[in-house]
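Peer 1: Sequence:
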Amino acid sequence: MLRHLIVLCGVVLVAALGAGASTAAPRAEQIDIAIDDHFVSDFWSEQCGFEVTIDNVGNLHVTLVRNAAGLIVRELDRMGGAKVTFSSANGSFSFPNQPSQWDYGDGAKLGSSVVVSFPGLQGHVAGEVPSDAGLLRFGGVVEGFDEFGIPEVEFNDVVLKDVGHRSDFEAVRAAICGTLGP
Numbered sequence: 001m002l003r004h005l006i007v008l009c010g011v012v013l014v015a016a017l018g019a020g021a022s023t024a025a026p027r028a029e030q031i032d033i034a035i036d037d038h039f040v041s042d043f044w045s046e047q048c049g050f051e052v053t054i055d056n057v058g059n060l061h062v063t064l065v066r067n068a069a070g071l072i073v074r075e076l077d078r079m080g081g082a083k084v085t086f087s088s089a090n091g092s093f094s095f096p097n098q099p100s101q102w103d104y105g106d107g108a109k110l111g112s113s114v115v116v117s118f119p120g121l122q123g124h125v126a127g128e129v130p131s132d133a134g135l136l137r138f139g140g141v142v143e144g145f146d147e148f149g150i151p152e153v154e155f156n157d158v159v160l161k162d163v164g165h166r167s168d169f170e171a172v173r174a175a176i177c178g179t180l181g182p
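The opening position of the sequence shown corresponds to residue 1 in this note's numbering, with each subsequent residue numbered one higher.
The hints are simulated quantities; they were obtained by calculation from the structure and are not laboratory data. Note that the coordinates shown come from a computational prediction; the quantities given were computed from them, not determined experimentally. Each residue gets a CB set at the ideal place from its N, CA and C atoms; glycine is no exception. Hints may be right or wrong, so weigh each one.
Claimed, not checked - What follows is a list of derived Cβ distance ranges for each label pair:
1. D36 with E152: 27 to 33 Å
2. N90 with L160: 24 to 30 Å
3. G178 with H61: 31 to 37 Å
4. E147 with A171: 38 to 44 Å
5. V65 with G144: 17 to 23 Å
6. S92 with G120: 19 to 25 Å
7. V65 with P182: 45 to 51 Å
8. L160 with V65: 19 to 25 Å
9. Q30 with F169: 44 to 50 Å
10. D106 with G80: 26 to 32 Å
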């Protein structure tokens, strides 16, 4: 009987320790945001010499992972069917929006650093130039939080990592303006 009591106490102790550990584990929060952005791109309009509009439409699925203190330490953005469309009066082309991964180190606070990774397809102009794809990684700083509590980031001009294929700017410009031009 004493043996069963010791085993039972051991099981209860292990369960209690496990329950305590699970409360300290990172917590994940899911936020779904409908994206429906449309704007005239001053940059591409200037590059092409005619008005270029960019549409970004789809669903953004954000996963925020918090540490035990409740600070966001990681963010995963998936773009559920979202597409970027470049258009003009003469035509248009689209490509899928890419996922992103955001690492806030010990936790997102005003002024804290963030490393943002963009893996996969970064853009494509059909038939004109090869797709830009690979891994782009940038640094930035948390400058605030939006209405959902998601950190707002100011990117710096430093590329931390660039692996994969990139077409040079002149080829991309010629492809975009050629596809959208008269």
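Peer 1: Each hint: holds or not?
Peer 2: Against the structure, the hints:
no., hint, result
1, D36 with E152: 27 to 33 Å, "violated, 19 Å"
2, N90 with L160: 24 to 30 Å, "violated, 38 Å"
3, G178 with H61: 31 to 37 Å, "holds, 34 Å"
4, E147 with A171: 38 to 44 Å, "holds, 39 Å"
5, V65 with G144: 17 to 23 Å, "holds, 20 Å"
6, S92 with G120: 19 to 25 Å, "holds, 22 Å"
7, V65 with P182: 45 to 51 Å, "holds, 49 Å"
8, L160 with V65: 19 to 25 Å, "holds, 21 Å"
9, Q30 with F169: 44 to 50 Å, "violated, 37 Å"
10, D106 with G80: 26 to 32 Å, "holds, 30 Å"
The structure fails to meet hints 1, 2 and 9 from the earlier list, while all remaining hints are met.
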